[in-house]
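Undergrad: Protein sequences appear in the order of chains A and B.
Under my numbering, the first residue of the first sequence is numbered 1, with each subsequent residue one higher.
Under my numbering, the first residue of the second sequence is numbered 1, with each subsequent residue one higher.
Note that these hints are calculated values from the structure, not bench results.
Be a bit skeptical, because a hint or two may be false.
Unchecked claim - Derived DSSO-like pairs: lysine-lysine, alpha-carbon spacing no greater than 27 Å straight-line:
{"#": "1", "chain 1": "A", "residue 1": "K103", "chain 2": "A", "residue 2": "K71"}
{"#": "2", "chain 1": "A", "residue 1": "K57", "chain 2": "A", "residue 2": "K14"}
{"#": "3", "chain 1": "A", "residue 1": "K57", "chain 2": "A", "residue 2": "K103"}
{"#": "4", "chain 1": "B", "residue 1": "K68", "chain 2": "B", "residue 2": "K49"}
{"#": "5", "chain 1": "A", "residue 1": "K57", "chain 2": "B", "residue 2": "K61"}
{"#": "6", "chain 1": "B", "residue 1": "K49", "chain 2": "A", "residue 2": "K103"}
{"#": "7", "chain 1": "A", "residue 1": "K103", "chain 2": "B", "residue 2": "K68"}
{"#": "8", "chain 1": "B", "residue 1": "K101", "chain 2": "B", "residue 2": "K49"}
{"#": "9", "chain 1": "A", "residue 1": "K103", "chain 2": "A", "residue 2": "K14"}
{"#": "10", "chain 1": "B", "residue 1": "K68", "chain 2": "A", "residue 2": "K9"}
{"#": "11", "chain 1": "A", "residue 1": "K9", "chain 2": "A", "residue 2": "K57"}
{"#": "12", "chain 1": "B", "residue 1": "K68", "chain 2": "B", "residue 2": "K101"}
{"#": "13", "chain 1": "A", "residue 1": "K71", "chain 2": "A", "residue 2": "K57"}
{"#": "14", "chain 1": "A", "residue 1": "K103", "chain 2": "B", "residue 2": "K61"}
{"#": "15", "chain 1": "B", "residue 1": "K68", "chain 2": "A", "residue 2": "K57"}
{"#": "16", "chain 1": "B", "residue 1": "K49", "chain 2": "B", "residue 2": "K61"}
{"#": "17", "chain 1": "B", "residue 1": "K109", "chain 2": "B", "residue 2": "K61"}
{"#": "18", "chain 1": "A", "residue 1": "K57", "chain 2": "B", "residue 2": "K101"}
{"#": "19", "chain 1": "B", "residue 1": "K109", "chain 2": "B", "residue 2": "K68"}
{"#": "20", "chain 1": "B", "residue 1": "K49", "chain 2": "B", "residue 2": "K109"}
{"#": "21", "chain 1": "A", "residue 1": "K71", "chain 2": "B", "residue 2": "K101"}
{"#": "22", "chain 1": "A", "residue 1": "K103", "chain 2": "B", "residue 2": "K101"}
{"#": "23", "chain 1": "A", "residue 1": "K9", "chain 2": "A", "residue 2": "K103"}
Take a look at the letters that make up each chain.
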Amino acid sequence: NAGVTQTPKFQVLKTGQSMTLQCAQDMNHNSMYWYRQDPGMGLRLIYYSASEGTTDKGEVPNGYNVSRLNKREFSLRLESAAPSQTSVYFCASSEPWTATNEKLFFGSGTQLSVL
Amino acid sequence: AQSVTQPDIHITVSEGASLELRCNYSYGATPYLFWYVQSPGQGLQLLLKYFSGDTLVQGIKGFEAEFKRSQSSFNLRKPSVHWSDAAEYFCAVGARGGYQKVTFGTGTKLQVIP
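Put together the whole structure using the sequences plus the hints.
TA: Dropping the structure here:
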């Protein structure tokens, strides 16, 4: 059971380059999320998708776009990378909340450096 | 707006000693509260959560946390720390409805010394 799979694990970009971070989950979860993690700032939500076919902005969406390709896959695109986007990116998924289901499953992260 | 504060950036404890990690929150109603742990190079893993009921909640790996409404706190405790507990710990607060309504703290990095 792979859980949440993110690719790539590491990436170095030059300012202005574009790239797409891929994420796939095999738990049949409805909700998927993209976070960035910066030192001293914890996790901040970039975008989320509550269900297949829907996406919404989180706390820090500027400079990013997302696509919920199907129920399994949720990609994050940087159209024109900036040094401020140097961060560790996490994809996560969850089921709709019930009395026992409030748990985020995380991928292992993508470490992105923009030079 | 909701917020969560983890006042300790870094804590060092000896193996076998007790541990308490502090978490204070600001929220207008009864919050949903979480503690997550992140081992080096990994994503976060849920340790425990509080929604309602008993204010002392038990989690995995021998951790517990106590919700104190009067102090707006949700501190994480463990009676005896193991070297494998070295990690970063995140407190989170939010509302029912999904993690888009949850705010994470800035984390406390735990170092365990022999």
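Undergrad: All the hints need checking, so say for each whether the structure fits it.
TA: Consistency of the hints with the structure:
1. A:K103 / A:K71: 18 Å, holds
2. A:K57 / A:K14: With a Cα-Cα distance of about 25 Å, the restraint between K57 of chain A and K14 of chain A holds, given a limit of 27 Å.
3. A:K57 / A:K103: At roughly 20 Å apart (the allowed maximum being 27 Å), K103 of chain A and K57 of chain A satisfy the hint.
4. B:K68 / B:K49: With a Cα-Cα distance of about 14 Å, the restraint between K68 of chain B and K49 of chain B holds, given a limit of 27 Å.
5. A:K57 / B:K61: Violated, at roughly 34 Å.
6. B:K49 / A:K103: 9 Å, holds
7. A:K103 / B:K68: 22 Å, holds
8. B:K101 / B:K49: 15 Å, holds
9. A:K103 / A:K14: Distance of about 36 Å is beyond 27 Å: violated.
10. B:K68 / A:K9: 39 Å, violated
11. A:K9 / A:K57: At roughly 24 Å apart (the allowed maximum being 27 Å), K57 of chain A and K9 of chain A satisfy the hint.
12. B:K68 / B:K101: 21 Å, holds
13. A:K71 / A:K57: 18 Å, holds
14. A:K103 / B:K61: 16 Å, holds
15. B:K68 / A:K57: Violated, at about 32 Å.
16. B:K49 / B:K61: Judged against 27 Å, a Cα distance of about 14 Å means the pair holds.
17. B:K109 / B:K61: 17 Å, holds
18. A:K57 / B:K101: 12 Å, holds
19. B:K109 / B:K68: 23 Å, holds
20. B:K49 / B:K109: This hinted pair holds, its Cα atoms lying about 20 Å apart.
21. A:K71 / B:K101: The given pair, whose Cα atoms are some 21 Å apart, holds under the 27 Å limit.
22. A:K103 / B:K101: 13 Å, holds
23. A:K9 / A:K103: OK: K9 of chain A and K103 of chain A at ~23 Å, within 27 Å.
Figure legend: structure checked against the earlier numbered hints; hints not met, in rising order: 5, 9, 10 and 15.
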